[in-house]
Amino acid sequence: MRVKLVVNGQNYERDCPEHKTLLKFIREDLGLAGTKEGCGMGECGACTIIMNGRAVNSCMVLAVEADGANIQTIEGEASGASLSDIQKAFEKHHAVQCGFCTPGMVMSVKELLSDNPKPSEAQIKEAIEGNFCRCTGYTQIIEAVQDLTGGKEKGGLDRV
Amino acid sequence: MFENMDSANLKFVGKEADRPDLVEKLTGEATFVSDMILPGMLYAQLKKSPHARAKIKKIDTGKAAKMPGVRAILTGEELDIHIGLYIVDKYILAKGEVRHYGEAVAAVAADSPEEARAAADAIEVDYELLPPVLHHMDALKPDAPLVHPELGKYSYVKAAFSPQPGTNIANITKIRKGDIEKGFEESAYIVEREYSCPSVQHVPMETHVAIAQWGFGDKVNIWTSAQSPFTVRNLFCMAFGLSHNQVRVQIPYVGGGFGGKAGIGVEPLCAVLSKKAGGRPVKFQASREEEFSLLPCRCALNYRIKTGVSEEGKILAQKMEMFWDSGAYADYAVNVTRASGYSASGPYEIPNATVDAYTIYTNKPYGTAYRGFGHVEFHWAIERHMELVATAIGLDPLLFRLKNALRPGSKTLTGETILPSTGNVVKCIEEAARRIHYGELTKEEKEREARTGWKIGKGVGALQKAPAMPSFTATAVVLKMNENGTVIANLALTDYGQGTYTSLRQIIAERLGFPLEKVKIAFESDTDRDPYDWQTVASKGLFLSGNAAILAAEDLLEKAYAVAAEILRANPRDLAHDGDRIYLKHKPEEGVSFASIAIGYAFPNGNGIGGPLIGVGRYIAQGLSNLDKESGQGHPAVDWTYGAHGMVVEVNEESGEYHVLHVVSVYDVGKAINPDMVRGQAIGGMMQGLGTAICEGYIYDKDGHLLNPNFTDNKIPTAKDLPMKVECAVVETPQIDGPYGARGVAEHSMISVAAALGNAVQKATGAEITHMPIRFEDVWRALQDKEPIDNWITKSPIGSCRSAPEMRPGIIRNKG
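Chains as they are written, first to last, in this note's numbering: chain A, 728 to 887; chain B, 3 to 818.
Hints are computed from structural coordinates only; laboratory data are not their basis. Worth double-checking, as some hints may not be accurate.
[What the hints assert, rightly or not] For lysine-lysine, the following DSS-like pairs were computed, each having C-alpha atoms within a straight-line distance of at most 25 angstroms: (1) B:LYS445 <-> B:LYS482; (2) B:LYS722 <-> A:LYS845; (3) A:LYS879 <-> B:LYS482; (4) A:LYS852 <-> A:LYS819; (5) B:LYS17 <-> A:LYS845; (6) B:LYS522 <-> A:LYS837; (7) A:LYS819 <-> B:LYS522; (8) A:LYS879 <-> B:LYS520; (9) A:LYS881 <-> B:LYS17; (10) B:LYS482 <-> A:LYS819; (11) B:LYS17 <-> A:LYS819; (12) A:LYS852 <-> B:LYS522; (13) B:LYS727 <-> A:LYS881; (14) B:LYS727 <-> A:LYS852; (15) B:LYS722 <-> A:LYS879; (16) A:LYS845 <-> B:LYS482; (17) B:LYS482 <-> A:LYS881; (18) A:LYS815 <-> B:LYS522.
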């Protein structure tokens, strides 16, 4: 099937088999490998992208379902040489370790903030609940979002 | 090195610094092996065993071979290559017999993953079922089937391990200290109990993945998501009989490891398929299910502890028996047993002690290193035991810990004397206790209890760990100056998120006196480019590579000074430098820039001197020795990192539900080179520890089928599982031989989290839980004074049963 869509503001048109997932289409056909596959079963959130304004697990969407869609992936997050505010907050708070969950995590945070510019801690946790991170223990990610939305200063390490 | 430098004189060490890898990771630019596509690359898929133990009677690949896109098919019969880290006991593809559910029996390489999958599915395997041995305690019985009847024929590392041919025992580690009979004789109380935990999965977000290309002249290139490039190369060369200069291993960004990628994994499989396919590169990436069942997990453990205590609460004797479930292959499990053996008592002094630690083969997916290297599992036991002993003899558990904690002058199980510079576990325990208001409820907590009806309890858990590594573990750092006076460091220690490179960059900048921006650590590792490093494991990276980095910086400066001295016609001792130039101390305006000597200096007439400036730093662990095989005495630890967690929980006594309200973690890190990196390790590990404490674990049916190889049935913590309050703090007792006084803290944060939780739950409700994870139903059962359900091997997928007879808890009043 012919699939036409917009990804990060660019138009793409490709032939695509009906069973191909949007995740594989983005990574393999469009060459945008920033979006990761962690489980392929909609459980871990590593493949989260924004499709028509909503964060979705791209491994659970068929590419043909995304025909006509407007999509954002991690590659569209920075503008030019400048990181987005979410990226800057993640950098400042060391909200990244191995980095494999990071693209999906940033997308989930982006969706949250587009709906709710001042989320509570519970709302942040709710928004990223579907994004597994095995390295950070989530705290620094939550602090990054809280800092960005005016909630909290950088967490520290006490010396005793 | 530089362990007592005044912080006021330090520019970068001990301070905040950006992580150099974050921008690439945040923009999606960072390339993982998962993302790599090479020209002509084929994709591999596997045919796997649906049985825990079976004879392979016949494999028919005829149908598969004719399918579209198929370029190579392999079965175990075509390969005769054993692979192994400490005991060489594993085939690349099962041969003759399958030893665990999910084991690979045949492999296909095809043009696309879908074609490879279809062909692998079309392979027909005829099995004859054999009775599996599933529980490691059953595997010790005299009539148990042997997982490896050929154990006596395998090669193994003789200096450290003792496999027992004719049994399922892959290794025994023994420790003998003092006179245990006399110790028990003199004890006022003797308490004996058994504790257990199941296998769990590491869950790196990037599953195991490798690409290998077996080229002309047996030149092999490997790109892999692994922790230790030189170990992959070395084991690969040993298995295939290749020279080390025929094999190149490259590691780009790695999506998590936690010990699961410490050794060799799927690389040999890709390589043999590439060879069969005429040298085209072959990629294999494990599915999430394969990550659970094909690739290794953490060993299960049963730990029996018998403790003799004086009237005053001093431990006089302790008999420790560890039974480690290694699954079908020994891999790291034998060394987990060894390292856990010599650390078995936790951070306490036991004057009279025996340890017998067994690694036991079973027909299950094999066990390996996992963050903590056995210490998470056995600290669960030892720190629950400390609580239960204290409770049994009527002492406060915190006081009991402090009475028996290691102090300067204490002797460890292997006879090492603790020094004031070894670290301060007492301070860690006290600080953790203080921060949770141990032993009392605050006003708010009392109000909360009254409001909710849930009981609040507080517990602590202490911990210790030294790097488990060969006595002669070594590493090196090469520091190369670029044309403009900036530097690049090459090393084969990998950073897959821990933050070690950030800290090493600070150490190098500090020692060079250069601004941070001038120091780059090359992120991708490459055995053809980088100097040797043993492995990225054991929380030894900062210690060993940090020292090597200091030495490399000093070497670079020494060489730069020699050139500058010649140019300036001065004695090197009269020179000083800043981030840009070397100059005469007594005449600062006279100097040369680093840029002008970086690749060799040219005098005005064109004559050249010097040459490219390269600093080399080598570091090898010093003063360590092999342990005596009978007594376990020796010196295994390059450093000990101590710590403690304090935990506050609230428990619903009716249902067994609980919430973690507050966690405090305190470690004696010697020196926090970068406080944010320490905090990242502290919180990340605590959360991973909480996962194994509250919910994670492999569940099998009675035939040995793994029932929960996915995130729906084997949950890991999400953001919503975070405790309400998380705190961490460090004690800084400088390590004399650590870089700027630092010692490692990476695995430690995961250790004793489960025990602190168990202790807090017990304090709240009296529930005596001896099996982790602590699920709500376990708390409920303990509160009903029912035996714990051991459903880790179930009679049916839905039912559950006790899998092996366990010792009933016993407390004996010894005298009086």
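(request) If any of the earlier hints don't hold here, list their numbers in rising order. (result) 1, 3, 5, 6, 8, 10, 12, 16, 17
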